[in-house]
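Protein chains: 4
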Amino acid sequence: MRGSEWVRSGIGRATAERITVCGLDVADDLMGKVSFPDLAFLLVVRRLPDERESRLFNAVLVSLADHGLTPSVLAARLTYTGAPESLQGAIAAGLLGAGSVFLGPTEDTARFLHDIVAGLSEREATDHLLRDMALTAVRESVGAGRRVPGLGHPVHKVTDPRVPRLYDIASECDLLGPHLRLLDAVADAYGEVIGRRLPINGAGAAGAALADLGMPPDLARGFALLARVAGLIGHLAEERTSPLGMALYREMEERMVYDHPGDE
Amino acid sequence: MRGSEWVRSGIGRATAERITVCGLDVADDLMGKVSFPDLAFLLVVRRLPDERESRLFNAVLVSLADHGLTPSVLAARLTYTGAPESLQGAIAAGLLGAGSVFLGPTEDTARFLHDIVAGLSEREATDHLLRDMALTAVRESVGAGRRVPGLGHPVHKVTDPRVPRLYDIASECDLLGPHLRLLDAVADAYGEVIGRRLPINGAGAAGAALADLGMPPDLARGFALLARVAGLIGHLAEERTSPLGMALYREMEERMVYDHPGDE
Amino acid sequence: MRGSEWVRSGIGRATAERITVCGLDVADDLMGKVSFPDLAFLLVVRRLPDERESRLFNAVLVSLADHGLTPSVLAARLTYTGAPESLQGAIAAGLLGAGSVFLGPTEDTARFLHDIVAGLSEREATDHLLRDMALTAVRESVGAGRRVPGLGHPVHKVTDPRVPRLYDIASECDLLGPHLRLLDAVADAYGEVIGRRLPINGAGAAGAALADLGMPPDLARGFALLARVAGLIGHLAEERTSPLGMALYREMEERMVYDHPGDE
Amino acid sequence: MRGSEWVRSGIGRATAERITVCGLDVADDLMGKVSFPDLAFLLVVRRLPDERESRLFNAVLVSLADHGLTPSVLAARLTYTGAPESLQGAIAAGLLGAGSVFLGPTEDTARFLHDIVAGLSEREATDHLLRDMALTAVRESVGAGRRVPGLGHPVHKVTDPRVPRLYDIASECDLLGPHLRLLDAVADAYGEVIGRRLPINGAGAAGAALADLGMPPDLARGFALLARVAGLIGHLAEERTSPLGMALYREMEERMVYDHPGDE
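Top to bottom, those sequences are chains A, B, C and D.
For the first sequence, our numbering gives the first residue as 11, with consecutive numbering after it.
For the second sequence, our numbering gives the first residue as 11, with consecutive numbering after it.
For the third sequence, our numbering gives the first residue as 11, with consecutive numbering after it.
For the fourth sequence, our numbering gives the first residue as 11, with consecutive numbering after it.
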């Protein structure tokens with residue numbers, strides 16, 4: 011047990027003279043030569059992306075960075091209200107709500123699609139086959155009373171504006187892979203089975219694109235979190251100068267109906 | 011109090027048809043056109059960076075992304091051991107240690123330098139003046155028994171390899187601003203005052219560069235956190251397939267000397 | 011939408027003159043009269059426990075407070091290493107690993123048992139019926155390849171010392187309810203079905219006891235977290251004076267085998 | 011470096027047969043015999059409290075458990091909205107705002123008082139001496155433009171109802187020690203120096219009482235967090251059945267004034 015063979019890592023190492031990330035020298039090979047998103051890609055896929063992959067990956071991150079005053083953003087800003095000296099705590103609080111309801115769909119969609127097309131080569135993944143697979147999978151999910159992930163959005167009821175744009179970029183980059191194409195077929199199949207079409211949502215399209223870029227489905231949520239940190243920093247920068255946390259607290263206290271009869 | 015005037019934000023907004031970030035349309039203006047780091051810059055500085063600023067900003071983020079099996083990385087991997095289904099929790103745990111000891115120096119250095127050169131124009135900030143200011147500030151800090159931030163590193167005792175590289179990139183980009191130049195002068199002044207030179211550390215140089223890029227000092231830590239999330243995702247990707255959390259726990263339990271005499 | 015009817019709570023309220031929790035005055039009705047665990051009970055069950063319930067509830071919390079240098083404790087101590095000024099961050103990090111692997115079993119067991127006996131009156135829950143129900147449930151879980159929660163422990167392979175003690179206390183308090191009794195029957199049934207008996211673990215017994223005390227199963231994890239905070243404070247108190255975080259980091263760095271051939 | 015002497019702890023240990031906390035057997039010595047708050051006390055002070063200490067300690071925890079829909083509670087409930095499957099994340103989010111603004115005053119007050127009376131024996135701490143010390147300390151703080159911690163409250167402008175009650179209980183328990191007495195003198199001194207009396211706040215009185223109970227000042231915040239977890243569990247129990255997170259999000263989105271002219 012006390013052998014060291016388990017203390018093993020291929021991510022980073024720091025010695026007195028050099029810092030290495032994924033086998034590359036941070037100073038000589040990475041800084042000034044590789045963009046930050048390309049490094050993030052490298053850290054998971056274990057190779058650098060080519061230019062087209064980099065473009066699609068950036069587009070995915072950009073699409074997920076911010077979505078207004080979401081519950082996560084409010085949690086971060088309210089945390090900053092109490093502990094402005096610990097920015098890391100406010101950002102952590104803003105990430106902790108990225109669960110099954112909010113950013114989870116990115117991962118759920120990646121996983122759902124991956125379970126269907128895993129092992130399928132690019133050439134085998136014909137439109138015809140994907141359509142059949144989509145229909146089968148949707149029927150099965152609907153039959154079992156399970157949600158089909160990646161479809162529908164409480165705000166973007168007709169079209170989520172990020173989705174057609176992401177498909178266009180993937181197409182321009184020649185990266186419209188089996189996951190993105192299957193997701194499109196799933197949306198069609200869902201309309202067919204249910205009789206009412208739901209739009210693909212941005213989280214779902216992002217999950218499909220990340221899977222097409224070679225990311226393991228259960229890490230798709232990680233990139234959604236990375237993107238979200240940029241948005242959170244923006245909101246906390248704003249909270250410093252135009253705070254809303256304290257006003258929100260005061261208004262809630264004032265409006266609150268206290269549910270214990272006899273007490274006011 | 012119940013007026014809405016305080017519910018005000020210039021970061022993001024989502025309506026049924028469009029998503030806006032900092033006044034730009036996510037689908038039409040940002041996705042596929044603006045890189046993710048440029049969006050992160052926009053969210054705080056409220057304008058897009060030019061190409062040189064973008065290059066320096068990426069280099070800073072790359073320099074901070076990973077530093078091996080740090081306490082933060084270990085905390086994230088150990089958290090994943092217990093809750094692999096909540097990636098957001100493991101990443102949050104990995105951020106929470108980014109305080110005064112570890113990533114705080116990025117902010118401390120930015121703040122220390124900013125307090126000295128704030129309000130100084132580029133043209134006023136001559137080498138001569140910065141040298142004088144550095145000497146005064148170092149003497150004051152040392153006299154008061156305060157640490158001078160940005161200097162010294164437990165691992166990189168002679169040179170932190172990220173630092174000369176970051177200065178080179180800043181110089182190539184014509185972005186060697188008053189903060190980076192002052193930090194250099196501070197290292198010289200420290201050697202003069204104490205009689206032993208300490209190298210500038212990577213966190214400090216990053217903080218100075220972020221300040222030269224126009225970031226408020228108290229948000230410098232935020233970008234260190236953003237960078238660190240990429241490294242954490244890499245480590246968690248590795249933890250999924252080559253876990254070390256459970257082996258570490260077992261070894262600690264086995265080696266632990268229990269401090270209550272009479273109990274074993 | 012802007013009506014206030016949704017801003018409704020029965021937990022706490024603070025006005026200029028008084029603070030109320032669950033309809034009781036904090037100063038007049040609670041402080042000095044109600045113990046802290048009784049208040050925690052009140053906050054969820056919405057009535058104060060009687061003396062026997064209080065004794066069992068305290069025993070459950072005591073049983074879950076600490077289990078040595080667990081991954082959660084290590085995560086908290088390593089977080090403190092980087093951010094000693096933010097105790098809340100170290101404690102939060104120590105809670106975030108309380109997921110499916112570590113404290114989740116408390117909840118999983120409570121839920122598993124509750125799904126079986128919900129709606130059963132005390133009088134209907136005869137030993138005979140519980141035995142039959144246990145056998146059916148275990149056969150079903152084993153047949154479907156699912157884990158039976160609440161059984162087995164990596165360290166306490168024969169008996170988890172907390173379990174017989176908790177059953178004794180419950181029995182002394184006349185609170186050996188359907189969940190605790192069913193869990194016992196489940197352990198028997200598992201031995202019968204598999205041919206090898208696994209001991210009931212402390213997390214499982216705690217979950218069963220909390221369910222017998224009237225806690226909703228999906229909040230059982232909450233009380234495990236409450237208990238764990240006490241243990242974490244103890245470890246952080248120790249970390250202040252006998253730190254192990256930095257030494258652990260140094261040893262890991264030194265022992266690490268870097269997995270990228272050609273780089274060392 | 012690889013010696014094991016640093017892997018040392020006096021908190022908890024688990025072997026196959028027994029679990030020990032602070033040298034006591036969890037099953038035989040603690041469960042059913044020691045209350046949960048007494049165990050929490052033991053974990054930090056390293057001895058069990060006597061009955062009077064236990065009563066005061068419980069009163070402190072009760073006084074800090076809940077204060078209505080605070081920013082911390084809102085952060086926890088909003089986090090639950092996005093990730094209901096990870097209760098630990100919602101509770102962690104609710105703790106992360108316990109910083110300099112909200113629960114920090116407990117620690118700040120304990121530290122402020124402790125810095126003044128540390129080393130003073132019970133007998134030396136005469137009313138007269140404490141009055142003098144208070145006056146000196148307040149004059150110094152006010153002169154240096156520093157806040158005097160423990161005084162004033164945005165809601166309880168005249169009296170914080172927890173404070174007289176806590177002093178009464180401490181007095182009944184014969185535990186009105188130098189910290190609590192000094193805090194009272196500080197409030198008087200502040201009124202004298204400034205000409206306007208501020209009430210002692212609940213966080214400050216709690217910090218003073220914890221210090222009188224022998225807790226190190228920098229762990230006072232830890233007990234405030236422990237108390238707060240009970241309140242958070244109550245709020246999350248309520249959020250499960252009477253959610254307000256999603257309604258709050260919707261209302262904020264609807265009311266938000268977007269600050270970028272030309273975009274709406």
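By construction, these hints were calculated from the structure, which means they are not laboratory data.
Be aware that a few hints might be false.
Pairs involving identical chains hold if they fit within one copy or between any two copies, as the list cannot separate such chains.
[As the list claims (entries may be wrong)] In silico DMTMM-like links for lysine to aspartate or glutamate, alpha-carbon gap of 25 angstroms or less:
#1 K43 with E150
#2 K167 with D125
#3 K43 with D198
#4 K43 with E15
#5 K167 with E132
#6 K167 with D178
#7 K43 with D142
#8 K43 with E27
#9 K43 with E63
#10 K43 with E61
#11 K167 with D184
#12 K167 with E134
#13 K167 with E27
#14 K167 with E61
#15 K167 with E264
#16 K43 with E261
#17 K167 with D194
For which of the previously enumerated hints does the structure constitute a violation, in increasing order of number? Structure breaks hints 1, 2, 3, 4, 5, 7, 11, 12, 14 and 16.
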